[in-house]
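Next come the chains, spelled out residue by residue.
There are 2 protein chains.
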Amino acid sequence: MDARTARTRARLRASVLALADRTPLAELTVAEVCADADVVRDTFYRHASDVQALLADALGAEIDAHIAELGSRAGMEAAERALLEHVAERARVYRGAMRPTLAPAVRATLEDEIRRGLREWIRLHPEIDAPGAVDDFDREIAVAYAAGGTVAAIELWLRVDGEDVASATRAILAATPEWWLR
Amino acid sequence: MDARTARTRARLRASVLALADRTPLAELTVAEVCADADVVRDTFYRHASDVQALLADALGAEIDAHIAELGSRAGMEAAERALLEHVAERARVYRGAMRPTLAPAVRATLEDEIRRGLREWIRLHPEIDAPGAVDDFDREIAVAYAAGGTVAAIELWLRVDGEDVASATRAILAATPEWWLR
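Top to bottom, those sequences are chains A and B.
The letter at position 94 of the first sequence is residue 94 when you use my numbering, and the numbering goes up by one with no holes.
The letter at position 131 of the second sequence is residue 313 when you use my numbering, and the numbering goes up by one with no holes.
Honestly, the hints are just simulated from the structure, not real lab data.
A hint or two may mislead.
Here are the computed distance ranges between Cβ atoms for each label pair [as the list claims (entries may be wrong)]:
{"hint": "1", "chain 1": "B", "residue 1": "ARG204", "chain 2": "A", "residue 2": "ARG99", "range": "44 to 50 Å"}
{"hint": "2", "chain 1": "A", "residue 1": "GLY132", "chain 2": "B", "residue 2": "ASP294", "range": "25 to 31 Å"}
{"hint": "3", "chain 1": "A", "residue 1": "PRO24", "chain 2": "B", "residue 2": "ALA208", "range": "22 to 28 Å"}
Here a beta-carbon is modelled for each residue, glycine too, at the ideal position from N, C-alpha and C.
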């Protein structure tokens, strides 16, 4: 990506995050995002297929930045807390993307980011393994289960609170198979 | 619900399941379901807001029937296997509802059914508790995590296979926090 395209993308991401902070996602139009980011429609569609996809991309970039700061050697608890701090900071955006469950692209991005983190965790800790797992299918199921479980827990947390990161971290780690936490 | 309404609902459910077995959900129209079930549009909308909602309702009713057959005292493994047998029987319907993740109403119905089963499981086995859980929020998070994790695992299974119930049951139980299985 050249520097100009990168700057435009950064502007589009900042605009969609700012707008989605005060307007429910379903009501946000491509025209509003274009006006705020000062780009034309053609430019928008070179970056995203619709507003939901652009918001998912912007949130994914923030999660990447949060996780990168941690360093790959940080423990599961620190990674979980960093993820939930991101969600708490963007709680209004995430809540605005629920109807009543998270918009599919936003949910998929969250699940993808968590799956990526868990695969990296397994790569760094090859001694970690589900007790009953016998092959790669079992391991991929374990990763999918933990990622989908974490997103469902985050959805519930957003519905009832979305602020108390410490108690959500404790509750989600308690709900996680303990062999992940070794 | 009077007997006539119940018969109409049964016909609508049978029609949407038959049609969704051979046509991707996104391509199915209310008109096609009405023609197959021999009802008028107004009648359709008294039962469901759209085709996706009707399909979710029809699949939910099948899961209810599967679970009811089991009896409430059956173990977690039998319940998991019964759920996966239902998914395998309806694998073409579920796959047709993925783009690429499950349509939100279908996913929500699956999650709701599993959450309901897990709450009942906890009610029957009050000795079951997440090791780190301290309050009802933690317990609801544990239920949401297990239900969301199971649905995400089912999505992966549908993508790669969706037929081998025995290995999917083993893999999903291995991915489940072991305190659920006591």
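Status of the hints after comparison with the structure:
| no. | hint | in the structure |
| --- | --- | --- |
| 1 | B:ARG204 / A:ARG99: 44 to 50 Å | violated, 30 Å |
| 2 | A:GLY132 / B:ASP294: 25 to 31 Å | holds, 27 Å |
| 3 | A:PRO24 / B:ALA208: 22 to 28 Å | holds, 23 Å |
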